[in-house]
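Undergrad: Protein chains in written order, with full-length UniProt numbering: chain B, 1 to 344; chain A, 1 to 344; chain V, 1 to 344; chain L, 1 to 344.
These aren't lab readings, by the way, just hints derived from the structure by calculation. Glycine included, each C-beta is placed from N, C-alpha and C at the ideal position. Any given hint might turn out to be false.
Unchecked claim - Derived list of chain L stretches under chain B, where covered just means 3 residues or more per stretch with a C-beta under 8 Å from a C-beta of chain B:
#, stretch
1, 175-187
2, 233-239
Claimed, not checked - Listed next, the in silico DMTMM-like pairs over lysine to aspartate or glutamate satisfying Cα-Cα at most 20 Å (straight line):
#, chain 1, residue 1, chain 2, residue 2
3, B, Lys28, V, Asp342
4, B, Lys251, B, Asp170
5, B, Lys251, A, Asp170
6, V, Lys185, B, Asp170
7, L, Lys185, L, Glu119
Protein chains: 4
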Amino acid sequence: MKVSLVGVTGYSGMVLYHLLSQHPQVEKILLFGHSATATNENHRSTSGLPSYLNISDPLLPYDCQTIEERSDVVFFATPAGVTSQVAQPLINDNFPVIDLSGDYRLKDPLQYQKWYHKEPVAKETLRKASYNLADLSKPTSNYVANPGCYATATLLGLAPLVINHLIEPDSIIVDAKSGLSGAGKKLTTNSHYAYINENMLPYKVNQHQHIPEICQQLHQWNDQVNSIQFTTTLVPMTRGILASIYAKAIKPTSTDQLQEVYQTFYADHPWARVYLDGFPSVKNVSHSNYCDLGISYNEATNTIFVGSVIDNLVKGAAGQAIQNMNHLFNFDETMGFNLIPDIP
Amino acid sequence: MKVSLVGVTGYSGMVLYHLLSQHPQVEKILLFGHSATATNENHRSTSGLPSYLNISDPLLPYDCQTIEERSDVVFFATPAGVTSQVAQPLINDNFPVIDLSGDYRLKDPLQYQKWYHKEPVAKETLRKASYNLADLSKPTSNYVANPGCYATATLLGLAPLVINHLIEPDSIIVDAKSGLSGAGKKLTTNSHYAYINENMLPYKVNQHQHIPEICQQLHQWNDQVNSIQFTTTLVPMTRGILASIYAKAIKPTSTDQLQEVYQTFYADHPWARVYLDGFPSVKNVSHSNYCDLGISYNEATNTIFVGSVIDNLVKGAAGQAIQNMNHLFNFDETMGFNLIPDIP
Amino acid sequence: MKVSLVGVTGYSGMVLYHLLSQHPQVEKILLFGHSATATNENHRSTSGLPSYLNISDPLLPYDCQTIEERSDVVFFATPAGVTSQVAQPLINDNFPVIDLSGDYRLKDPLQYQKWYHKEPVAKETLRKASYNLADLSKPTSNYVANPGCYATATLLGLAPLVINHLIEPDSIIVDAKSGLSGAGKKLTTNSHYAYINENMLPYKVNQHQHIPEICQQLHQWNDQVNSIQFTTTLVPMTRGILASIYAKAIKPTSTDQLQEVYQTFYADHPWARVYLDGFPSVKNVSHSNYCDLGISYNEATNTIFVGSVIDNLVKGAAGQAIQNMNHLFNFDETMGFNLIPDIP
Amino acid sequence: MKVSLVGVTGYSGMVLYHLLSQHPQVEKILLFGHSATATNENHRSTSGLPSYLNISDPLLPYDCQTIEERSDVVFFATPAGVTSQVAQPLINDNFPVIDLSGDYRLKDPLQYQKWYHKEPVAKETLRKASYNLADLSKPTSNYVANPGCYATATLLGLAPLVINHLIEPDSIIVDAKSGLSGAGKKLTTNSHYAYINENMLPYKVNQHQHIPEICQQLHQWNDQVNSIQFTTTLVPMTRGILASIYAKAIKPTSTDQLQEVYQTFYADHPWARVYLDGFPSVKNVSHSNYCDLGISYNEATNTIFVGSVIDNLVKGAAGQAIQNMNHLFNFDETMGFNLIPDIP
């Protein structure tokens, strides 16, 4: 099997390249730049690849025909606004695409415009894409919109509660924390080491672009859920997300009962681990494809707390993309991953 | 003015010693060990002081009489369970005490026992202590119970909402994050560098010992508030707390209105800074006595979000203790502090 | 092929378990505790394994016969002082052993005693062990003494200079820096997060136990080298070593000439990468088995500077151990490794 | 006493502002931008000051006359290339200037050009500036060239050895490590959090612009010293320098003897602390004006090792600048500093 990868220089692309290189079904990886659009002028160059990536060949210039002729699937690890402009021919040909960007995640073009401040794809095209949380379903089309990192941690944490109708639908509060790699390689005041080291700060409060895809999915699971309170906080680390989730229980319950609900829900899901004692730490999933979950019920406030941790670049991006590829080609969903974490 | 300091080797004690040494009214600092009780055997030694503290004299053995005779006020920067056993003579003599530990914070001895798992002080003695959030009031007695670090960030963030009855009393959720110094110098698996670096984790969920003092104070401000949802998360940094506070508004409001409420509330309070644009980062208050506050209202969920940041060792411990000393002796509450932060 | 692993709970053991689990020739990993000796009482327990290791079976009690009967090779990821007491039967039977500890590295028992402050193995037994820097040679016996982390970075950095007689033999100075995982999981004042974060410090100056194995190997390469100046510095990171190496050139040379020497020397060595432009950073080898090398010559001081970086837990311990196993069983030395680094 | 400060937005400027605000002799601080030159266009704006600096007034536009009329001394915390263009009128008027930049440090204009790649000041003007390491001497003119951070740590570490002729003059090797604040606020690939966290790397090997001022000073102390080997390494921390210094002893000595030499040398110098046991860590001097020194002699290699640590923004920049101001106005050299460190 041959795969194409568009965009290897960003963090997700680098991790994807690492994971693809150890997948037993992948015999060749073709690397493409994504210079097709005027707005991505600066990515046109095929040189300047970091030496540590061990890439000897120059990047190929982006070209749909080459991709289709020379490979069996293509991954896009590109920023927002790229696939919306260049992927149409692949959709037309029903060629397998796994898109790590946000361009095809939202079914409503106006929502995309509102949250991404970019030109959306046409509604009928969006319908052909399958937003697929790889741990809970298989893609329903050949164009997979891979979920965002915050969305993955949040949705896996909320699924058992929302699908089983255990919580008040308007009571969901998510306090999500992320390391710096989630914001990409862009140089900003916020990403300077001397600023972020020994620092943490809320950012994009109620404005993060992963909010609408979370609401869209929750609403699909339970149409009474229409909105959530969602705060993102930057913490001084490179990789990792902790989504701290709060919701009011519909009726009094207990920590034990809830743990059982989660265990039952995730019984056949190899990448979700439910803790019966305490809460997971981000390091427990670092560099792995796991989502680890801890649950607690507080009688005094009738509130359920869920701690959901992932590595934002693996489960929250490249790892889930491989999982979606495994689904698409009917491989086992754990294929290509090392199940033993790489710690410390 | 001469001050006694019991417990200089812990983090709060070290910062207190630093701050006292630059206070214009303090001419001498007497340093005491706190070996009076059998349970603190290991603190008996007066040697082993870190050289960087620039302390040439050995610690004095703890003795109430010496303290009263040779100084005008005593600070206790001791772990839970010390002042409950050794401070009674000072209370009897109405000698000025500022106690950074939790021993005299809770008015109900059973609550102390429940949350601290230690023998409480008698109820009538507890009544003689004044739990005093230094930014909002002055001590009403000579024995000041200095608030805990999480409690300070949380209460300063909630005060305008609770005192002005702007939120549903049973809707308060606090997601508080702290660096490692909050947990003290104790060596545990959780405090090992290789464990905490590139890691974060929820801990003591609904079980942190600062919860009852927060509820006690909130209830005093508004007797409809009886409980809160409170989660503590360890993040990889040394100093700093971010309390992320959520509550449902009693009636629809706006970010602008709320910012005005906070500005009015904190107008004459030199150590609270209300942001009109965005949210504070922990670094903005690092090594300072400030509490910085950002507020946001979300129409979609009718939820108010407040970000409250402090340096846990200054505003959350030693700095507030000095502020309480300033109150006790009628000094200006900013006396002894450098108002310009020490950044980066 | 079945392998036994004694000591999975330390950092090297954890990484070894991760790497063995992805080795194509390894079908089973048996995990043993190492409680055979009274001094290791605390390791006797077979419970208490971290859940993230995904180990369902309890650890087997240490037993040479079981190891020999049920596996083809055994790895010891144990602290100093264990294999010296328990490995003799395996040596007697010429069973393949890869020992990550320092017990069999030094040929002179008195040196072991001097630097490790422990009882040494008998001289004739030591002779049966093969100290083998896996990038430069193959083991000459079935008992492999795997080199230490500092020794690996230093020796790979010095080999081309010492073997080619390019430097003054008494002029070698190594300023080696390491992250915290190099010091193991032991809780000490030095390992507390709040102490090491935003800190660095020289430690064990001229006293690090890897000094004698470096000198032993250098002397074997060039008998004029008898001693080196070696300083170890702790820096605030988890994984990684940078050995900064200085030596006087025997005759004036140039950066270009030296880079060519290194390229030639390492031409057929897949795990050493020589930089022609600038110096490697630790991140370039993080979580990988590479040793990256940069070289520079300073005319003004006639001094050669070499920067040598490795991941101390992979190339400096578990990775090299796998490499040595590959040598022992005539597998390709890159077998079982992902050649694409896992960055950031 | 009134002081002017040109350049408050860089790290040194921020720390200088903090320190000046607590100096008992400073009653007013005037803040100036440094927009006088075309090459600093981007600094022209007087808005955009970080709110945490507590600066209510806008920056004054740079103007020598205003500075001279309204203040008694001016500090320049500006990048290289500014004072060389704008300070001439102040020199002509013999107005007290403390220049934290490198523009007036080197006596030879060609050296400045070679190392800074900028247009130098005329030789006769350079003669009017006094390069003054504040711990060892007093300025000899009203224009003080404040030493660089690496130079300060290195020179204080080498002074007793070089001045007392204890080492081979051509044997000096300095392996200096610095946190990120030393490189300033500029956004570069090297300063991105996700790159530097869990990383370290040599940079500017033999090319750092502090090398010539170190050699100039060493040569002045001992004219046999003409060059040094000097490597700079970036480590993942914000503040702090460790200069690890190596040199061959002229005749065999001992650690004890050397410690005595250092103690005698620094006996009357309040800001240098000599360790008799072990080596200093950077945290011991963090946020303080101290330089802490540890010394060790290795018989086997006849090599002296000195570990010298400073806070690069205090002792290595703003603190030393205040010390130089204290010298210039005959204040005690510890005036304005808190002698108790602010730890952790």
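Undergrad: Please write out, lowest number first, the hints stated earlier that are contradicted by the structure.
TA: 6 and 7
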